[in-house]
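Protein chains: 2
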Amino acid sequence: MAKTRRICHLLLRFLAFAATLAAVIVMATSHERASIFTVSFEAKYTYSPAFKYFVIANSVVTVYGFLVLFLPKESLLWRLVVALDLVVTMVLISSFSAALAIAQVGKNGNSYAAWLPICDSVPKFCNQVTIALIAGFVAVIAYIILMLHSIHTIIDPLLLRKN
Amino acid sequence: MAKTRRICHLLLRFLAFAATLAAVIVMATSHERASIFTVSFEAKYTYSPAFKYFVIANSVVTVYGFLVLFLPKESLLWRLVVALDLVVTMVLISSFSAALAIAQVGKNGNSYAAWLPICDSVPKFCNQVTIALIAGFVAVIAYIILMLHSIHTIIDPLLLRKN
Chain Z
1 MAKTRRICHL LLRFLAFAAT LAAVIVMATS HERASIFTVS FEAKYTYSPA
51 FKYFVIANSV VTVYGFLVLF LPKESLLWRL VVALDLVVTM VLISSFSAAL
101 AIAQVGKNGN SYAAWLPICD SVPKFCNQVT IALIAGFVAV IAYIILMLHS
151 IHTIIDPLLL RKN
Chain Y
1 MAKTRRICHL LLRFLAFAAT LAAVIVMATS HERASIFTVS FEAKYTYSPA
51 FKYFVIANSV VTVYGFLVLF LPKESLLWRL VVALDLVVTM VLISSFSAAL
101 AIAQVGKNGN SYAAWLPICD SVPKFCNQVT IALIAGFVAV IAYIILMLHS
151 IHTIIDPLLL RKN
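Those protein sequences? They're chains Z and Y, same order as listed. Quick note: the first sequence, position 152, residue 152 per the numbering used here, numbers continuous. Quick note: the second sequence, position 104, residue 104 per the numbering used here, numbers continuous.
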């Protein structure tokens, strides 16, 4: 039973790691050049602070996720992982929300502010951003579950010891 | 000692409640009409999905914060508050990040996407949004502290009982 739980936990950590890695790669490789009439036009993630924040946050979390995968079961650092899982979840939620807000304007525009949608001109860029956001969302969900599990594991032994 | 801690806790809860309430009121009352040449132009929070999300999220959290203020000390619902504090913190972070991302585009624009800044035309609207975002940020910080305190209080009695 304990072994199954541990395998599930490791699989979820691997999924979270893979999701953040995918989000970084897909977002970072997204750029497209389009020309409207004679004006050449380029779309790149570095042109938006929100997308840059998304890539940086997911990169840091990818490194963290990779390191945690190799943490031995008995390590005392697992107590630190509980706190770090909390921080990581909050950072991921924040970067995902900011990137989603900008992507929404990119897709639908905002007629009141006269911001035109750009997805018609650069559909490939938009698709890649969408895929990166989906990967980012999977990472957020995975880290929320991991965080709840982490909190549960520090409370659980204490509860057991109480009886 | 326990009494001082309880007063600090209540004060922080009140600060969090006041901050979310201020964020809602300031954001919801922000609208300005400007005219550029002959074109009349209006800025309102409802014109941006991110700002709408910010107002809705902060409203819900304001109601929650108000109810928790009147929860008796011995209530069993405090265990639920731990979980709700976690959810509330995540929702607040998400809505704040999304609104900040849009506000940043409103202030600086994005020359690559040809989105022009709107703050020069509607400075009063921009100021109100900035104040709402500052209040939202204070609320985020307050709820992060409250969440850490909540987690601590469920672990603490268990740790004490252990010895």
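To be clear, the hints were calculated from the coordinates, so they are not data collected in a lab. Source: prediction; values computed, not measured. Where hints are given, some of them may not hold.
No distinction is drawn between identical chains; accordingly, a pair holds when it is met within one copy or between any pair of copies.
Stated by the list, open to error - Heads up, simulated BS3-like pairs for lysine-lysine below, C-alpha to C-alpha not over 25 Å straight-line:
id, residue 1, residue 2
1, Lys124, Lys73
2, Lys124, Lys107
3, Lys52, Lys73
4, Lys107, Lys3
5, Lys52, Lys124
6, Lys73, Lys44
7, Lys124, Lys3
8, Lys52, Lys3
9, Lys107, Lys52
10, Lys44, Lys3
11, Lys73, Lys107
The hints, checked one at a time:
In the homo-oligomer, the alpha carbons of Lys124 and Lys73 never lie at most 25 Å apart, since the shortest distance is 43 Å inside one protomer and 56 Å across protomers. In this assembly of identical chains, Lys124 and Lys107 lie within 25 Å of each other by CA distance solely inside one copy; the values are 12 Å within and 28 Å between copies. For a Cα distance limit of 25 Å, the shortest separation of Lys52 from Lys73 qualifies neither inside one copy, at 35 Å, nor across copies, at 45 Å. Taking identical chains as interchangeable, the C-alpha atoms of Lys107 and Lys3 are never at most 25 Å apart, the minima being 46 Å within one chain and 53 Å between chains.
With identical chains, the CA atoms of Lys52 and Lys124 are at most 25 Å apart within one copy only, with a shortest distance of 18 Å there and 29 Å across copies. Taking identical chains as interchangeable, the C-alpha atoms of Lys73 and Lys44 are never at most 25 Å apart, the minima being 41 Å within one chain and 53 Å between chains. Proximity of Lys124 to Lys3 under the C-alpha cut-off of 25 Å is found in neither arrangement, the shortest distances being 44 Å within a copy and 60 Å between copies. Neither within a single protomer nor between protomers do Lys52 and Lys3 lie at most 25 Å apart by alpha-carbon distance, with minima of 39 Å and 46 Å respectively.
Within a single copy, Lys107 and Lys52 get their C-alpha atoms as close as 18 Å, and across copies as close as 18 Å, so both meet the 25 Å cut-off. When the C-alpha separation of Lys44 and Lys3 is checked against a cutoff of 25 Å, the pair qualifies neither within a copy, at 45 Å, nor between copies, at 55 Å. In the homo-oligomer, the alpha carbons of Lys73 and Lys107 never lie at most 25 Å apart, since the shortest distance is 45 Å inside one protomer and 49 Å across protomers.
This entry does not satisfy hints 1, 3, 4, 6, 7, 8, 10 and 11, going by the numbered hints stated previously.
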